[in-house]
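Enquirer: Sequences listed follow chains A and B, in order.
Offset between the first sequence (1-based) and our numbering: plus 422.
Offset between the second sequence (1-based) and our numbering: plus 1.
No lab work stands behind these hints: they were computed from the structure.
One or more of the hints may lead you astray.
Taking lysine-lysine and the DSBU-like style, the derived pairs with C-alpha atoms no more than 35 Å apart in a straight line are [said to hold, decoys possible]:
1. A:K716 / B:K87
2. B:K87 / A:K430
3. B:K67 / B:K188
4. B:K165 / B:K21
5. B:K108 / B:K133
6. B:K6 / B:K116
7. A:K430 / B:K108
8. B:K116 / A:K716
9. B:K133 / B:K167
10. B:K6 / B:K21
11. B:K188 / B:K108
12. B:K6 / B:K67
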Amino acid sequence: MKASAYGKHIGCIALFLLCPFILTSYGVKLASEVLIMAIFVMSLGLIIGFAGLVSLGHAAFFGLGAYAVALLGNHWENTYLLLISALVISGLAAFLSGLLFIRSSGAYFLMITLAFGQMIYAIVYKLEDLTGGADGMAVVASPNLGAGPIDSRLGFFYLTAVAFLISYYFLRLLIASPFGKSVRGIKENESRMTALGYQTRTYKLAVYTISGMLAGVAGALYAYFNQYVSPDLLYWMFSGQALIMVIVGGVGTLVGPAIGAGFFVVLQNYISSFTDRWPLIMGLIFVLIVLFGKGGIMQIAALLWQRFRPQRNSKPAQQAMAKEGNGIESVKS
Amino acid sequence: MSLLKVEHLHKSFKGLHVLKDVSLAIGAGERHVIIGPNGAGKTTLFNCITGTLPIDAGTVTVNGQKISGLPAYTAVRVGMSRTFQKNNLFGSLTVEENVQLAVNACKPHRFHFLKPLARYTETVEETESLLKQWDLWERRSRVVNELSYGEQRLLEVLLALASKPKILLLDEPTSGMSPAETVQTTKLIQRMPRSITLLVIEHDMEVVFSIADRITVLHHGEVFASDTPGNISGDERIKEIYFGGGTLQHAEA
Ligand SMILES: Nc1ncnc2c1ncn2[C@@H]1O[C@H](COP(=O)(O)OP(=O)(O)OP(=O)(O)O)[C@@H](O)[C@H]1O
Ligand SMILES: [Mg+2]
Numbered sequence: 423m424k425a426s427a428y429g430k431h432i433g434c435i436a437l438f439l440l441c442p443f444i445l446t447s448y449g450v451k452l453a454s455e456v457l458i459m460a461i462f463v464m465s466l467g468l469i470i471g472f473a474g475l476v477s478l479g480h481a482a483f484f485g486l487g488a489y490a491v492a493l494l495g496n497h498w499e500n501t502y503l504l505l506i507s508a509l510v511i512s513g514l515a516a517f518l519s520g521l522l523f524i525r526s527s528g529a530y531f532l533m534i535t536l537a538f539g540q541m542i543y544a545i546v547y548k549l550e551d552l553t554g555g556a557d558g559m560a561v562v563a564s565p566n567l568g569a570g571p572i573d574s575r576l577g578f579f580y581l582t583a584v585a586f587l588i589s590y591y592f593l594r595l596l597i598a599s600p601f602g603k604s605v606r607g608i609k610e611n612e613s614r615m616t617a618l619g620y621q622t623r624t625y626k627l628a629v630y631t632i633s634g635m636l637a638g639v640a641g642a643l644y645a646y647f648n649q650y651v652s653p654d655l656l657y658w659m660f661s662g663q664a665l666i667m668v669i670v671g672g673v674g675t676l677v678g679p680a681i682g683a684g685f686f687v688v689l690q691n692y693i694s695s696f697t698d699r700w701p702l703i704m705g706l707i708f709v710l711i712v713l714f715g716k717g718g719i720m721q722i723a724a725l726l727w728q729r730f731r732p733q734r735n736s737k738p739a740q741q742a743m744a745k746e747g748n749g750i751e752s753v754k755s
Numbered sequence: 002m003s004l005l006k007v008e009h010l011h012k013s014f015k016g017l018h019v020l021k022d023v024s025l026a027i028g029a030g031e032r033h034v035i036i037g038p039n040g041a042g043k044t045t046l047f048n049c050i051t052g053t054l055p056i057d058a059g060t061v062t063v064n065g066q067k068i069s070g071l072p073a074y075t076a077v078r079v080g081m082s083r084t085f086q087k088n089n090l091f092g093s094l095t096v097e098e099n100v101q102l103a104v105n106a107c108k109p110h111r112f113h114f115l116k117p118l119a120r121y122t123e124t125v126e127e128t129e130s131l132l133k134q135w136d137l138w139e140r141r142s143r144v145v146n147e148l149s150y151g152e153q154r155l156l157e158v159l160l161a162l163a164s165k166p167k168i169l170l171l172d173e174p175t176s177g178m179s180p181a182e183t184v185q186t187t188k189l190i191q192r193m194p195r196s197i198t199l200l201v202i203e204h205d206m207e208v209v210f211s212i213a214d215r216i217t218v219l220h221h222g223e224v225f226a227s228d229t230p231g232n233i234s235g236d237e238r239i240k241e242i243y244f245g246g247g248t249l250q251h252a253e254a
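Sequences and hints are given; from them, build the entire structure.
Expert: As structure tokens, then:
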């Protein structure tokens, strides 16, 4: 990276961290929720956009992370320990389930992840003595990174902001690395990757596990955020919403899913205050994007950018978006 | 001793017996060409040798090491790599990214995930020298789908070479190329070092006779003959089955 690129990144991070000063107290809380969802949806975007694994059971990992904090939080206080437990438990669940079904692809993968997610949901639902069943359970643990309990909205925003930045830069490195490029190659043409000597299943299993871990961390943060967890967090509807956020944000990009998450969380927040037809509205937006803007918000933004900045030639960016497609083709095949 | 040995190989697809007791022995440095009419089982033989398809019976050994029954990705580990009859590339990636992936496949850092691939100088340099050597350096930033068919065909070979194979299997490397491209590709194949043992499927007889040390004729899934180019071109029976008694030019070409 050139020095000017570093400058740009530092500028963006600074602006991002200054956000709370222009937001209301409620806005700061909403921003924290956006960031948590962004981590979750980015983790799903990683396997969909870069590995071609379209999952409809990703909420299971988010939910496991959330329940890990809720259940273990009854015994342990240490925030680091709880976050790492959530990461390990979700990662383990992703690894073990991945071992079983990573060889399937396309629509089969979608169905089998859906079934797996529903199975985890059913287990949590049925273990009433432990999890409170349908009623859910309160989260007693509160975040504390060593400098005293983080109990203000502002403090929690910074906690999630740091988690988001770490996740984002980690994924950025990952997709540019030999591992990430290979995963992308497998999405593009698995048979050639095998012929080149790649053990493709190991790569897919690894990326699926990493994605599950990240979803688990997002779930853990959500448990702290909401101070209450319920089986809804593992339900397939939630997986479906995350999938829609990935597609609407922009498949095959890193920021797209994060933006998709922000878009929907904020919109839902405003719309649900005067109508309860939120799922219908979300569905309509999804259909419109799939029909008219295949690359999602990222592509629309690139087109607008090109329109209003004609002096700078942003054609390559647009082409890059166009050829990504919406990634959902892999489900049809 | 033979570098690559195929013994009593059988392969059927749902009752269709495509390879019948095929045996081949290829010495180190040899340039062995396989010919045979369409549907003779040539591509299937490549798929069985490299492990792309499971075999029903028989063995494949490289340097005395049995590789049949092992998964396809292990072929490269024993120094064997292949190209495909139908271009099998990373269509929406750039030429450079394609080659980088191929070079990266055999590097110990292929699982690393915290440093950009572009910063592994060895991979970057090997990619550059391959692209320059094969006249694709100017095209490195182009998306593969935008290349001409002939260029894609060339890239197909380049990807297989990136792993520095001891045995290279080329499935109709010149098919669909213009005459000029065919000449260029033939030269590139001829100029490959003798440290690479070649097993080539080819229909174009001019190409066949300008690269072959030995020729095997496959007919209805059986080895009909395996001999020197001189003896093969003089064999009347082979002209009969393969060339339909006509000229030495393949009907399709
Ligand atoms: N995966 C497969 N499933 C079923 N049948 C197959 C399969 N692959 C090849 N075949 C059949 O096996 C026979 C041999 O095919 P193969 O592709 O090996 O021939 P070939 O000698 O390479 O021909 P060509 O010169 O046309 O490339 C053909 O009849 C083909 O239809
Ligand atoms: Mg063939």
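Enquirer: Take the hints in turn and mark each one as holding or not.
Expert: To see whether the hints hold, each was checked on the structure:
no. : hint            : verdict
1   : A:K716 / B:K87  : 29 Å, holds
2   : B:K87 / A:K430  : 45 Å, violated
3   : B:K67 / B:K188  : 33 Å, holds
4   : B:K165 / B:K21  : 32 Å, holds
5   : B:K108 / B:K133 : 21 Å, holds
6   : B:K6 / B:K116   : 41 Å, violated
7   : A:K430 / B:K108 : 33 Å, holds
8   : B:K116 / A:K716 : 31 Å, holds
9   : B:K133 / B:K167 : 21 Å, holds
10  : B:K6 / B:K21    : 16 Å, holds
11  : B:K188 / B:K108 : 29 Å, holds
12  : B:K6 / B:K67    : 9 Å, holds
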